[in-house]
Every structure is written in C-alpha cells, then in structure tokens.
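*Asks:* Spelled out from the first residue to the last, the chains are:
2 protein chains.
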Amino acid sequence: MLVNEARTFRELCQENGIAVTHQRQVLYEVMKTMHGHPSPEEVYAQVKKKVPAISLATVYKNIHLFVESGVFREVSMHHGSLRVEMNDESHHHMVCSKCKAITDIGEKELGLVSKQDKLPGGFLVERYAVDVIGICAKCQQA
Amino acid sequence: MLVNEARTFRELCQENGIAVTHQRQVLYEVMKTMHGHPSPEEVYAQVKKKVPAISLATVYKNIHLFVESGVFREVSMHHGSLRVEMNDESHHHMVCSKCKAITDIGEKELGLVSKQDKLPGGFLVERYAVDVIGICAKCQQA
DNA sequence: TTATCGGACGATAATCTTTATCGTTTATAC
DNA sequence: GTATAAACGATAAAGATTATCGTCCGATAA
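Residue numbers (the UniProt record's numbering), protein chains in the order written: chain D, 1 to 142; chain A, 1 to 142.
It should be emphasised that the hints constitute simulated quantities derived from the structure, not laboratory data. The structure displayed is predicted, hence computed values, not measured ones. A portion of the hints provided could be inaccurate.
[Said to hold, decoys possible] Between beta-carbon pairs, the in silico distance windows are:
hint, chain 1, residue 1, chain 2, residue 2, range
1, A, GLY36, D, SER69, 36 to 46 Å
2, D, GLN46, A, GLU15, 38 to 48 Å
3, D, ALA137, A, HIS35, 11 to 21 Å
4, D, ALA53, A, GLU15, 48 to 58 Å
5, D, THR33, A, CYS99, 17 to 27 Å
6, A, ALA57, D, SER55, 31 to 41 Å
7, A, HIS35, D, GLN141, 19 to 29 Å
8, A, ARG10, D, GLN141, 16 to 26 Å
9, D, ALA19, A, GLY80, 29 to 39 Å
10, A, LYS50, D, ALA19, 49 to 59 Å
11, D, LYS138, A, CYS99, 34 to 44 Å
12, D, GLN46, A, GLY80, 13 to 23 Å
Beta carbons: idealized from backbone N, C-alpha and C, even for Gly.
Could you build the full structure based on these sequences and the hints that come with them?
*Replies:* Right under this line is the structure:
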C-alpha cells in the first residue's frame, strides 16, 4: 500500500515532468492527510514534524507547483492584495486562471443559481458570489 | 449636483456613525469613479492626485470602514494568505462575513448553477466556484 | 555503477502588503 | 468658542511571499 502510494506519487511527478524528491513526497502525503483549508505556514508546521530541516521556501515552491500541476487547488483565487468592488449592480466574476484577471459578468448573463436561504449548519445566507474560473480570451491566444 | 453628492455622502456617514472628513470624502468620490477591482495601492495612487498629503494608512483604514459599512464590498473574501483545498469532492464554500471561517458544502446540497460553456468575451470555462457569503452559526449567537 | 548535469534544497535577504503606534490635527456636540 | 473623541500622517512593525545563491541530490546515459 505504501509502495502503491509511492508509485502513484512517482507517476504524478513523471506526468508533470518534475523530480521525485523526499521533501516533495512528504509534503504531498502530509497535505493529503490535512483537512480544511490550511495556509502555507500551517502546512509547513506539519511537514516539519517529519522533515525538520525543510525550508519554508521549499513548502511555498512546491505548493505552487502542485497547484499549477492541478494536484491541489487554491481556495478562491488569491490576488496578493485586497481588491474592492465598485460595480454596484448584481454581478459575478470571471477569473482567468493564467493571468488572474477579473472580469465582471452580469447575474442575468450568467444564468444560474437557485437561491436557498437555509443551508446546513444553520448558516445564514447573505448572498452568493460566483467565480467562473477559466481562461480569458487573451491567454487562450498565447 | 455637487451639493447633492456631498449631502449624500454626509448622510452615509451619519448613518454609519462616522465623521465626515475631507480625506474620507475624496476617497469615496475617487473610488466611485474607478472601474475594475483596484487594490488599496491603486486607490491610494488616485486619491493622492487630489490630496497629496494623504497617508496610505488612511486609505487602508477607510477602505475597511467602507467595506464594513457596506458602501463597497471586497472581491472574494481575503484571508490574508494562500489557502489550499484538500477536499477533492465537488463542493463549494460557505464563508462567514464576520469571522471569515470557510466551510465546505457539497455541490448537491447547494442545489445550484446551470453550467454554460460559453461566456461573453470568449472566456473558456473550467469550473464554477461558488462562495455563499453569510453568517455562520457561531457568529449568529455572538 | 558511476559520472555528469540540471533541477531542487536550505538559508536568508529582500520585497510586498497590511497593521499598529503615537503625537498632532480636526470634526462634532455643547 | 471650547472640550472631547475620533481621524490623520508618519513610520515602525508584523506578516506573507519571493528572490538569490551556494550546496546537494535525482535523473540520465555511459
């Protein structure tokens, strides 16, 4: 089973053309066991238990690598800084996964959502925010 | 018209119990004219043209104030750092606007979206990411 | 199996974003 | 007009992320 896991990870690396390193493998396995939506620091803290000498920079580099390779994904696009919304009409967003550009799309043009007011866990709904993730026209050309 | 605008802003401040300052007013007016999804730095650059002595800290403080007051809103919740997704089943997120906690909700439980593959501007859809913004059970009690 | 080479690693400096501190100034209520 | 609390500006500090660079290790082919 462990062998099988290792084999899977090895294949995963080969598919993406990256080297199979000890740090990379432990990082991957640790992340697989984590729940919720950890930050790089939290992942770092966990991995350090198994590879005490690992560097935070390595964690960052490999998390990005995994995200780019589609192994993991990020919880909503991270734009590095706070962004404010000036458009006061009902709309959602198209976010380019390559260049991170954000474009508005009117609620009606998008089609969607059946709004429910009751959700599991007693969560009180204020509004829906939909991000359509994809590739913008510009990045499709390049 | 200008008088009217000023009056509106004054009322807005009074509704939210905040003082009407020159910086605050210019910031508000400048932001109203901006399109897209500017970062605090970008807003700062614009406001500085009209109030050269303004501090970046003031811009930050008042953007937060505006967001809390519901005057503007932020483009997807900002958690201060990159977050990775460990749940590999189709799901979306419930995000608490008070405490920023993120909870998963299964795609089926949510009801949701009619997926269209074609969107305006030639945007190529990969997937939909829905954030349900609201108040979590814990924050409803407090 | 070993030599070679490029990619990966660790340490840390640097950068970028945001927040906290604090002395001074200003808006508001009286 | 004056008192008081809030807001401002300057800047230090904190937090998050990236860049740099010398060393080390994994992949490939002899």
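*Asks:* Of the hints stated earlier, which fail here?
*Replies:* Failing hints, ascending: 1 and 8.
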